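With chain A fixed as given, assemble chains B and C onto it according to the hints.
Next come the chains, spelled out residue by residue.
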Amino acid sequence: MSLDVNDLAVYYRTLRGDVRALDGVSFSLADGEIMGLAGESGSGKSTLGKSLIRMDARMRHVAGTVRLDGAELPVADDARMVPFRFHQVSLVPQYAMSALNPTRRIGRMVRELVRSRGVDYAGVHPELLRRLELVGLDEQVLRRYPIELSGGMKQRVVMVVSTLLNPSLLIADEVTSALDVSTQRAVAEALAGFRDRGFVKSMVFVTHDLALVHQIADTIMVMYAGRPAEKASSRTIIEAPRHPYTRMLISSLPEVGVTFAGKRLQGIPGRPPGLLDPPPGCRFRDRCPLAFDKCAEQPPFAEVAPGHWAACWKAE
Amino acid sequence: MSEMEPDVRAVQAAEGLPAQAGPPERRLGESLHFALRNPKLLIGGGVVGALLLTGLVAPLFVQEGPNVYVGPQAQAPSAQYWLGTTNFGQDVFAQFVFGLRSTFLVGLVGGGIAAVVGMVVGFTAGYRGGLVDEVLNMITNVVLVLPALVVLIIAAAYLQARGIALQGLFIGLTSWPWVARAVRAQTLSLATRDFVDLARLSGRRAHSIVFREIAPNMSSYLFMTFILLFGGAILIAAGLDFIGLGPTEGVSLGLMMHNAVTWGALQLGMWWWFVPPGLGITAIVGSLYIMNVGLDEVFNPKLREL
Amino acid sequence: MLDLRQVTKTYRVGAFGGERLHAVRGVDLAVAPGEVVSLIGESGSGKSTIGKMVLRLIAPSAGAITFEGRDVAAVRGHRATKEYYRRVQGVFQDPFSCFNPVFTADRVFGLIRAEYHRSASAAAWRARVEEALATVRLDPAQVMGKYPHQLSGGQLQRLLIARALLLDIRMLVADEIISMLDASTRIDVLNLLGDLKARGLGILFITHDLSLGNYISDTAVILRRGRVVEKGPTGEVFAAPAHPYTRRLLSSVPQLHTTWEQADAALRAGGERACPGCARGGQPGAHGPVELAPGHHVGCFTAQD
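So the protein sequences, as listed, match chains A, B and C.
For what it's worth, this note's numbering labels the leading residue of the first sequence as 1, then goes sequentially.
For what it's worth, this note's numbering labels the leading residue of the second sequence as 317, then goes sequentially.
For what it's worth, this note's numbering labels the leading residue of the third sequence as 623, then goes sequentially.
Okay, chain A solo, but in the shape it has when bound:
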């Protein structure tokens, strides 16, 4: 197992109390596994992605451990995480280059970034060029300014740079959300290619788009209101989900070929519960058509079939 997350809980501090954005998440990632982390806004998927690499000032680690390749990852300690970042765990953020200095050339930014992490730039330069070529970018790109690149090109540069040291774990946070359909595909397939070539050992692909993530992910974990609802192979999640939330979510997605006149799809009524003081028990209970008395008790995230976990009393 390359990544092992055990009962992780991360809260946000607010003036009105703790927001339980992540409340008891356990899962593991095999070597070479790409896990899609799917959920709606407020499900905690981005919080989970961030927790594995850098918590911001408002986030508080409450419980749980994270182990990467057998060693404990000190997620709660910003200073002790420094040697792990970029070397062991790396991140491709959603708007990577937009946050960077528009007056600097790409090459200079990359050089400064690599050096700031205590790595000899000359040593990695040939590999950098080779990998840029792999994703369809030539050396010229290093002499350009961020504004001269399209969104897809920027995203690919960031992908190459963040995986330059062959980190064990890569977190891709909504990397395709702002891209056009055809670019989305190129970026997603490039990421899968990185895993195939061994640039990264495993990957967490955070997204709200199930149709996209199942194209490249081996497994998908669906989150709901700060907790995992279901994790299984991509195929199983799409074709034989067991958690009612996953089922309703998937049946609400329109596909090419499905039309309003032919087959009217249904959404999920209601809203997720507030996480400031969430109700006890299953958090999907209020919107769930299958809810019964026992749902007042939190169902465990249990293995209902080999490689298939679900947090639902009726998932067996």
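Incorrect hints may have been included.
To be clear about the criterion: a stretch of chain B counts as covered by chain C if any three or more of its residues have a C-beta under 8 Å from a C-beta of chain C, and this derived list gives those stretches [to be verified]:
(1) 406 to 412
(2) 517 to 526
With the Cβ distance kept under 7 Å, some of the chain A side facing chain C (calculated, not the full set) [stated by the list, open to error]:
(3) S182
(4) A211
(5) L249
Now the in silico label distances, taken between C-beta atoms and shown as ranges [stated by the list, open to error]:
(6) B:F539 <-> A:G281: 44 to 52 Å
(7) A:T14 <-> C:R701: 47 to 55 Å
(8) A:R54 <-> C:G656: 38 to 46 Å
(9) B:F527 <-> C:E753: 52 to 60 Å
Since the hints were derived computationally from the structure, they do not count as laboratory data.
The model shown is predicted, which means the values in this text are computed figures rather than measured ones.
Every residue gets a Cβ at the ideal spot worked out from N, C-alpha and C, and that includes glycine.
Just chains B and C now, with coordinates in the frame of chain A:
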């Protein structure tokens, strides 16, 4: 329902969703909460308020006009003449309180005119865009590079009878350009928001879109701008008065200093003649600027000292 | 009902406005009552520009837009504009940006009342608002008097549709109205458009998402760099895409039950066909719309890009 708002917001922010500003009633309450706890704002506001009150109320208790020769000449402060008398036997206290009044008047007229002109020009240029924007921008830039003081000196020199209000008018008409530029920039960015398009689709006229949709979003900024203009106008007026281009009738703090210097108060050691007006101007303008820093902290959560 | 004839929008760009950016080039399309027309395109395809031109938020550089037989460009003056907006309304992409954060969300209804229904009594107006809210399936108690940030994106988007329903609209421009919504609620908003269509509304549905366009629309218009490359009945365009661009776009769409490899294989099985418009006598790379089947047009513009 209402219990879940802040956490939804926190999680939305964490999940990369656009954070929304609070509602006005909560924001107003919040602003008030921080305003009442902001020492800069309280001290600045207190000083300005006290001086304003003095300027408004005290003249009612002064029996004679400020320029009437009421008593002995060049007398130091005493129980009868609290701030002493001038070389000519005028009551310095009477002059001071009337001077305060006119100083506030100049600030109000000058700052008010500059704010109104600047906002009208800025809103129009920013919202209309195109040729209107180009022309207004050009006018703004021309006025901006005009050496305002020189214009004021020339204007003051040519006008025979000059009152306080007229002085304020001139100051107002020369100090609006930077307001126009700032308001234009803010309007440009707000005008691209969808709610402005939606208001147009609701059949709203341009002026009501500007004043009822866009302006409320920058009310705190506009308020602070006015305070700065108010202080600036007082300072310019004092400068004009001091070099002898002040009002030909009435009295003002700057004029008092001008007279004091002209009639040798410095050489004669008559400190009571020039210290009160100098201190008054410094206190008003300084407090206004401190207030502005305080207001900035109140309105801008990032600057709050937590 | 709505007709666009050779509509073009050109922007001046560059330091001295010397260069031209063609946002929309020679677009022809029509929307009939009770019809949903999807404008599908990637960023830079000019789809939102077309929507804004229909809503008179920007003026076309050339060509004509007519609504119910009247030239939209001839709608001038405040009164005429208001009458136009009584019939034609829009809903935009970002529901949060559509609400003035300083005011409560239901103020959007207040604006409509102030401009269009001044004489309505308070009770009559309330009934009208509640009827509109019922149509979009919102509970008045949950949304009235709330501030925009207290509501979800789906609720806000439905409020905006309800707002449009307070007028006697015939035509709705829906510009990417679901792209910011969560998956579990977006389908409800989409279904709502379907219900409005059944009431006889013409809808111009602008989207970058092909599966959404396919779900709701009768006619699909595929845009690329400001030009219509393919246009036709939705079923036909999606089942038998003619233009190479449409085919490539369709094969890139992530689908739930088809992998990209399968989509590619299906594309290859169909053969890497050349543009059928060229086969019908159009000049390769430079022919305008050529009719393949009744109502199904394809155009090649590669030589002019």
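A:R54 paired with C:G656, Cβ distance criterion 38 to 46 Å: 53 Å, violated
Proposed interface contact between A:S182 and chain C, which counts if any beta carbon pair is under 7 Å: 5 Å, holds
Interface hint status, A:L249 versus chain C (Cβ within 7 Å): 6 Å, holds
Interface hint outcome for A:A211 [beta carbon to chain C under 7 Å]: A:A211 check passes; min Cβ-Cβ to chain C is 4 Å, inside 7 Å.
Outcome, coverage hint (the stretch 517 to 526 of chain B, chain C; C-beta under 8 Å; three residues): Answer holds; 5 residues pass the 8 Å Cβ test.
Assessment of proposed distance window 44 to 52 Å (beta carbons of B:F539, A:G281): 49 Å, holds
Hint check for C:E753 and B:F527 - Cβ pair distance inside 52 to 60 Å: 32 Å, violated
Proximity test - 8 Å, beta-carbon atoms, the stretch 406 to 412 of chain B to chain C, at least three hits: That given contact is violated, which follows from only 0 residues of the stretch 406 to 412 of chain B lying within Cβ reach (below 8 Å) of chain C.
Range hint compliance [Cβ, A:T14 to C:R701, 47 to 55 Å]: 50 Å, holds
The earlier numbered hints that this structure contradicts are 1, 8, 9.
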